[in-house]
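Since the structure of chain A is already known, use the hints to place chain B on it.
Protein chains: 2
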Amino acid sequence: MKKAVVLVIDGVGDLPTPKTPLQAAKKPNLDQLAAEGITGLLSTVGRGVVPGSDTSHLRIFGYEPKICYPGRGPLEALGIGIDLHEGDVAFRANFATINDGVVVDRRAGRIDTATASALSTLVPNSIEDVEIIFKNSVEHRGALVLRGSGLSRCVSETDPHAKEKMPLCEPEDDSPEAEKTARIINKFTEFVYAALSKAPENKKREAKGLPPANVLLLRGPGMFSSVPSITERFDIKGACIAGGALYRGVAKFIGMDIFLAPGATGDRHTDLKAKGNAAVKALETYDLVFVHVKGCDSFGHDGDFNGKTKMIERIDKELIPILMKTGACIVVTGDHSTPCSRKEHSGHEVPILLFAKDERSDKVKKFDEISCMEGGLGHITGKHVMPIILNTMEKAKKYGS
Amino acid sequence: MKKAVVLVIDGVGDLPTPKTPLQAAKKPNLDQLAAEGITGLLSTVGRGVVPGSDTSHLRIFGYEPKICYPGRGPLEALGIGIDLHEGDVAFRANFATINDGVVVDRRAGRIDTATASALSTLVPNSIEDVEIIFKNSVEHRGALVLRGSGLSRCVSETDPHAKEKMPLCEPEDDSPEAEKTARIINKFTEFVYAALSKAPENKKREAKGLPPANVLLLRGPGMFSSVPSITERFDIKGACIAGGALYRGVAKFIGMDIFLAPGATGDRHTDLKAKGNAAVKALETYDLVFVHVKGCDSFGHDGDFNGKTKMIERIDKELIPILMKTGACIVVTGDHSTPCSRKEHSGHEVPILLFAKDERSDKVKKFDEISCMEGGLGHITGKHVMPIILNTMEKAKKYGS
Chain A
1 MKKAVVLVID GVGDLPTPKT PLQAAKKPNL DQLAAEGITG LLSTVGRGVV
51 PGSDTSHLRI FGYEPKICYP GRGPLEALGI GIDLHEGDVA FRANFATIND
101 GVVVDRRAGR IDTATASALS TLVPNSIEDV EIIFKNSVEH RGALVLRGSG
151 LSRCVSETDP HAKEKMPLCE PEDDSPEAEK TARIINKFTE FVYAALSKAP
201 ENKKREAKGL PPANVLLLRG PGMFSSVPSI TERFDIKGAC IAGGALYRGV
251 AKFIGMDIFL APGATGDRHT DLKAKGNAAV KALETYDLVF VHVKGCDSFG
301 HDGDFNGKTK MIERIDKELI PILMKTGACI VVTGDHSTPC SRKEHSGHEV
351 PILLFAKDER SDKVKKFDEI SCMEGGLGHI TGKHVMPIIL NTMEKAKKYG
401 S
Chain B
1001 MKKAVVLVID GVGDLPTPKT PLQAAKKPNL DQLAAEGITG LLSTVGRGVV
1051 PGSDTSHLRI FGYEPKICYP GRGPLEALGI GIDLHEGDVA FRANFATIND
1101 GVVVDRRAGR IDTATASALS TLVPNSIEDV EIIFKNSVEH RGALVLRGSG
1151 LSRCVSETDP HAKEKMPLCE PEDDSPEAEK TARIINKFTE FVYAALSKAP
1201 ENKKREAKGL PPANVLLLRG PGMFSSVPSI TERFDIKGAC IAGGALYRGV
1251 AKFIGMDIFL APGATGDRHT DLKAKGNAAV KALETYDLVF VHVKGCDSFG
1301 HDGDFNGKTK MIERIDKELI PILMKTGACI VVTGDHSTPC SRKEHSGHEV
1351 PILLFAKDER SDKVKKFDEI SCMEGGLGHI TGKHVMPIIL NTMEKAKKYG
1401 S
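First to last, the sequence lines map onto chains A and B.
Position 155 (the first sequence) corresponds to 155 in the working numbering; numbering is contiguous.
Position 70 (the second sequence) corresponds to 1070 in the working numbering; numbering is contiguous.
With the rest of the complex left out, here is chain A (with noise of 0.2 Å):
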């Protein structure tokens, strides 16, 4: 058997102005891996489908999301160390400030993460019969998850994503678990904004003139239901090297383990030699490691042609060396695209490559959206990714006799 990177360079894929990010960046190592490889275009979701960054994920590593999709508040939760069980309802949260009901600030200044620890501990750890877990990560964010019986994903947010009134947690259907979940919910913010309002450090933002973080908003609910692992179908061994928290959610919600970089941060100025190096250790002992770089979708959200270009030509020096002299099979793709002049995701193809040794070849020399389409792997979508992966790797069972 064979061991494989999967390096997903998240939202590289864009749109000529008149050339792409991958078009103009410099990046001799990926385009080696190109020539000596075979290339394609994947459309993660589905030709046209503008993915999410939870769904493309899964779809890459074999999941459909269709099927097994748990919401973006679970995926969290996992993605900041919070183990989770069979029914639990998982938020993604946010520390905001709220003035006569009105949110005026989504991030309560982006309050430092020691603050929000501290903050933490007023969070209630029950209401009703459900147990409360929240546990705070980076800055303003965390995660909120009810555990008890008789709950519902069918809720809204509480995060109005605007500076308008914090609305009311509504059960979205006449479920009496989605009433229940609502009402927890509601007593969950009353508590916490009484909690929280008083809190000494608090008082202290206040005093120096900082928003305080006196509300929990909530978004992304979702409902966790365990899936068969990829060890479990596919009989390998993954490991992910990611600091975007998301990212190690999807990996831990199909099981993989979560790999630590030091230096790695999931924005723009991760350390990316550290993750190289992290993949290097983790192919020791793993068949499958899954490299998640964030920086491009950044840049591509703020239309930042030059910054998005240059993450690229950082990727291709301080990376991808690194990941060519493991010998294990290379597959380099994108989750979706975020082209620069739509400072969001769409639905156009990104570039996929595989590189491995004694694999077929194609003629297409360089790694960019448009080479890439007279590439010999053709047009795939997302559940084609790991079938591709686990015959170059040997692991692909035989189906028939």
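A couple of the hints might just be wrong.
As the list claims (entries may be wrong) - Far from chain B by the CB rule (all over 12 Å, computed), these chain A residues:
| no. | residue |
| --- | --- |
| 1 | 129 |
| 2 | 164 |
| 3 | 165 |
| 4 | 229 |
Unchecked claim - No farther apart than 27 Å at their CA atoms in a straight line, the calculated lysine-lysine pairs in the DSSO-like style are these:
| no. | chain 1 | residue 1 | chain 2 | residue 2 |
| --- | --- | --- | --- | --- |
| 5 | B | 1383 | A | 397 |
| 6 | A | 357 | B | 1019 |
| 7 | A | 198 | A | 208 |
| 8 | A | 357 | B | 1366 |
| 9 | B | 1019 | A | 363 |
| 10 | A | 237 | B | 1343 |
| 11 | A | 365 | B | 1366 |
| 12 | B | 1135 | A | 357 |
| 13 | B | 1317 | B | 1281 |
| 14 | B | 1366 | B | 1003 |
| 15 | B | 1163 | B | 1198 |
| 16 | B | 1383 | A | 66 |
| 17 | B | 1366 | B | 1019 |
| 18 | B | 1343 | A | 357 |
| 19 | A | 365 | B | 1019 |
| 20 | A | 325 | A | 310 |
| 21 | B | 1135 | B | 1208 |
| 22 | B | 1383 | B | 1365 |
| 23 | B | 1002 | B | 1398 |
| 24 | B | 1383 | A | 383 |
| 25 | A | 66 | B | 1066 |
| 26 | A | 363 | B | 1026 |
| 27 | B | 1019 | A | 395 |
| 28 | A | 363 | B | 1365 |
| 29 | A | 19 | A | 2 |
| 30 | B | 1198 | B | 1208 |
| 31 | B | 1002 | B | 1365 |
| 32 | A | 366 | A | 273 |
| 33 | B | 1003 | B | 1363 |
| 34 | A | 398 | B | 1343 |
| 35 | B | 1208 | B | 1003 |
| 36 | A | 3 | A | 363 |
| 37 | A | 2 | B | 1019 |
Since the hints were derived computationally from the structure, they do not count as laboratory data.
Predicted, not measured: the structure shown is a model, and the values here were computed from it.
Heads up, the beta-carbon is just placed ideally off N, CA and C, and yes, glycines get one too.
This is chain B only, laid out in the frame that chain A set:
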């Protein structure tokens, strides 16, 4: 309507070392068909999926194995000329040698066909209320059919596939049908061992120091359930020219008639001109003629690059020119790749070419895995093959009005 020949070169796909056998072979006729026809890459079962020979052939001819695959046993039984009834449970069977319950020779010294035929008369015709049908084919090979009520395919094999203790047949679910089937098989094994052990043919073999064929090992259990024939589905009459039992079995299963070609042995020494001539004959009365050539797969399993290359050259020289003279549409493809470097089936695509007068052509000039990446058919899967052939034959039915 046009007629069509579909040539399946078993296991023809390969990996570059640095050329593939198809790239290395001198094959002017196949290349001429590629140049004048249209080409592409085919994944019979699905991208990256490693196909068995049974599932891949079903898929090529328009049958979804997930729905109708009866297991290998019934296809082998059909292929050696046993007529099956609905609900029959069938196994592949091997004459073998056991000693103290341990399999010491899985093929009973590759017992000759005449001796196997003599021993076959000692196999019981019924056990309990179940009719037993056994037929030997070539050397140690054969098939066993159980016919009666209350049977199941969910039982284990009695072939240990190694020099190990011959296992009992076990039910693989809790049903009374599986329990009954396992019981019948175990009684069968006991009866056969008792009868064969004292057979004069085996006494003679033992006297000569040859291993006695004192047991029948069973594998590939399946239950026969008929499917609509290609004639019912596509309004065409099909004929099969194949040496191997499995391929004849698949053909019979889907309603093709078996056409015999003297000297077409199903192995690497098969008489390819005889197959070509049989195809010419079959085209007089049939619309679609399936020609199967096994050799390349066998060379792939042996890791014999030169043997595989020469087999392709022999097909090109001895078989293709005969097919080219027929005026029929010609389809050439493989059922799967069997890379010499892996000595096993793999999930890599196989090239496919379609040549017919006045049809579209692409710019591909050679029939191989790399050239056909640029083919005008693109990347297709097994389910696309029959619609494309039927369209070329002008036999496709309009969908809608």
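Under the criterion that the straight-line Cα-Cα distance not exceed 27 Å, is the pair residue 1208 of chain B, residue 1003 of chain B satisfied?
violated, 54 Å
Given pair status - residue 1366 of chain B, residue 365 of chain A, alpha carbons within 27 Å
Given that 27 Å is the threshold and the Cα spacing comes to 21 Å, the pair holds.
Hey, residue 1383 of chain B versus residue 397 of chain A, does the alpha-carbon distance stay inside 27 Å?
Holds - the C-alpha atoms of residue 397 of chain A and residue 1383 of chain B are around 20 Å apart, at most 27 Å.
Restraint check for residue 363 of chain A with residue 1365 of chain B, where alpha carbons must lie at most 27 Å apart
holds, 15 Å
When you check the alpha-carbon spacing of residue 366 of chain A and residue 273 of chain A, does it fall within 27 Å?
holds, 23 Å
Between residue 1002 of chain B and residue 1365 of chain B, does the CA-CA distance stay at or below 27 Å?
The given pair, whose Cα atoms are some 24 Å apart, holds under the 27 Å limit.
What's the verdict on residue 2 of chain A and residue 1019 of chain B, does the C-alpha distance respect the 27 Å limit or exceed it?
The given pair, whose Cα atoms are some 21 Å apart, holds under the 27 Å limit.
Take a quick look at whether residue 19 of chain A and residue 2 of chain A sit within 27 Å of each other, Cα to Cα.
Violated. Residue 19 of chain A to residue 2 of chain A sits at ~36 Å, over the 27 Å cutoff.
Reported absence of residue 129 of chain A from the contact zone with chain B (all CB gaps over 12 Å)
holds, 39 Å
CA of residue 1003 of chain B to CA of residue 1363 of chain B, is that 27 Å or under?
Status holds; Cα separation ~25 Å.
Holds or violated: residue 1343 of chain B and residue 357 of chain A, Cα atoms, limit 27 Å.
Holds. Residue 1343 of chain B to residue 357 of chain A sits at ~17 Å (cutoff 27 Å).
What's the verdict on residue 1383 of chain B and residue 383 of chain A, does the C-alpha distance respect the 27 Å limit or exceed it?
holds, 17 Å
The structure is inconsistent with the numbered hints 12, 29 and 35, although it conforms to all the rest.
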